[in-house]
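If you read the protein sequences in the order shown, they are chains S and X.
Position one of the first sequence corresponds to residue 4 (our numbering), numbered consecutively onward.
Position one of the second sequence corresponds to residue 17 (our numbering), numbered consecutively onward.
Careful, some of the hints might be misleading.
[Stated by the list, open to error] Computed far set for chain S versus chain X, every beta-carbon distance over 12 Å:
{"hint": "1", "residue": "G14"}
{"hint": "2", "residue": "L21"}
{"hint": "3", "residue": "T27"}
{"hint": "4", "residue": "S28"}
{"hint": "5", "residue": "A54"}
{"hint": "6", "residue": "G65"}
{"hint": "7", "residue": "T69"}
{"hint": "8", "residue": "P71"}
{"hint": "9", "residue": "D73"}
{"hint": "10", "residue": "R77"}
{"hint": "11", "residue": "V79"}
{"hint": "12", "residue": "R81"}
{"hint": "13", "residue": "T82"}
{"hint": "14", "residue": "A191"}
[To be verified] Each computed DMTMM-like pair below joins lysine to aspartate or glutamate, with the alpha-carbon atoms no more than 20 Å apart:
{"hint": "15", "chain 1": "X", "residue 1": "K158", "chain 2": "S", "residue 2": "E48"}
{"hint": "16", "chain 1": "X", "residue 1": "K45", "chain 2": "S", "residue 2": "E61"}
{"hint": "17", "chain 1": "X", "residue 1": "K135", "chain 2": "S", "residue 2": "E47"}
{"hint": "18", "chain 1": "X", "residue 1": "K150", "chain 2": "S", "residue 2": "E75"}
{"hint": "19", "chain 1": "X", "residue 1": "K135", "chain 2": "X", "residue 2": "E151"}
{"hint": "20", "chain 1": "X", "residue 1": "K148", "chain 2": "S", "residue 2": "E75"}
Treat the hints as calculated values from the structure; they're not laboratory data.
Note that the coordinates shown come from a computational prediction; the quantities given were computed from them, not determined experimentally.
No residue lacks a Cβ here, since even glycine has one placed at the ideal position from N, Cα and C.
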Amino acid sequence: MTDRHDILPDGIGRLLELYYEGETSPEQEDTLMDYFAACEDVPEEYAADAAMFRALAESRAGALPTPPDDLEARIVARTCGRSSKMRLRDKLLIWGSAAVAAAVAAVLVLPLLSMPELDTEAPVIAEVFEPEAARVEPVSAQRVDEAVAAPPAITEKKQPPMKRVAAEAEPQSVADESYAEVADSAEAARIAGDVMRLLHRTLAASSAQVSRSSDLAMESVDKAIDRTISSL
Amino acid sequence: MYAVAVKIIGNADDASDVVQEAMEHLWEKRELLDGVRSMEAYAMTVLRRCAIDAIRRDSPTVTLDAVADPPSCDAAEDGVEALMSIIDSLPPGQRTVIRLTALDGRDVEEVAALTGYTKDNVRQLLSLSRKKIKEIYTKLIK
Chain S
4 MTDRHDILPD
14 GIGRLLELYY
24 EGETSPEQED
34 TLMDYFAACE
44 DVPEEYAADA
54 AMFRALAESR
64 AGALPTPPDD
74 LEARIVARTC
84 GRSSKMRLRD
94 KLLIWGSAAV
104 AAAVAAVLVL
114 PLLSMPELDT
124 EAPVIAEVFE
134 PEAARVEPVS
144 AQRVDEAVAA
154 PPAITEKKQP
164 PMKRVAAEAE
174 PQSVADESYA
184 EVADSAEAAR
194 IAGDVMRLLH
204 RTLAASSAQV
214 SRSSDLAMES
224 VDKAIDRTIS
234 SL
Chain X
17 MYAVAVKIIG
27 NADDASDVVQ
37 EAMEHLWEKR
47 ELLDGVRSME
57 AYAMTVLRRC
67 AIDAIRRDSP
77 TVTLDAVADP
87 PSCDAAEDGV
97 EALMSIIDSL
107 PPGQRTVIRL
117 TALDGRDVEE
127 VAALTGYTKD
137 NVRQLLSLSR
147 KKIKEIYTKL
157 IK
């Protein structure tokens, strides 16, 4: 066998032997392929080997096949498309989370939008801006007579600034006309206490509203998820 | 992926099915792919294994005798077509290893890892398939 291969040059015969024993490396197989592809006068007894290696070389050098037009659509249908049905639970969880987030956001914003109404409902606050002139002692009958005789200036002074604040909602004019300094420390402490109580009530009401809305939203999402999972 | 599938499988329709099967497998495992070092190498390994499974599922329908004695097959002229017909006529094991080595360029170790055969098994199957191909070519030329 080896003697027969001696007619092939540069160890090609030995490589051919190894090839048919399955012992060649890819590089040695490339050497065989290159030899038979380039050699035009191969000995007749190697014609079959030459035809085989030339066909192998031709198949490797051939143009890449083009995938069918519908292959991509088929793959999408079997992956992304199928997953949209399989992952309904995931979608529901996402939408549920979004709904909870929206509910919480709405609950947080609503109290801010309604803050002006809270102000109008708080007469305690209005007292802060009440001028000293309005804090008069109960008048006697005599002083009423004097007031009737005297006039317009006194009538204007008696106009309650608290009503103007609530009805006209003009913060700037309130600041200008109703601002009053409190020199009495006891009175200042009383006013500060009123403000703190109002603030506490407002925060407590907002917090309770947020808590109720969140509980309702979470309960709705839980029920929706349970219904969907049980129907899958 | 399609080009490699055609090299291993040998026909366009089956190659499309194999690519689709490989992509489905990758899609199902997509949550685990973050740890894959080379996505391309992983995808090609999945593809080759799907192709090998397809070859094992579909046993050859053409007999060696039918290929060895074709009505008007000129090996020199038909070239690639004749070679592919011969390869397709081989038993699944031989067909798999010859396609992975000769057409897809894999070495013995890679073929062993892909197919689950030992390296000695792969060399034996390669030897059998190459000798059979030469035998048929010899008959065709005469």
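* To do: Identify every previously stated hint that the structure contradicts and give their numbers, smallest first.
  => 2, 3, 4, 5, 6, 7, 8, 9, 10, 11, 12, 13, 16, 17, 18, 19, 20
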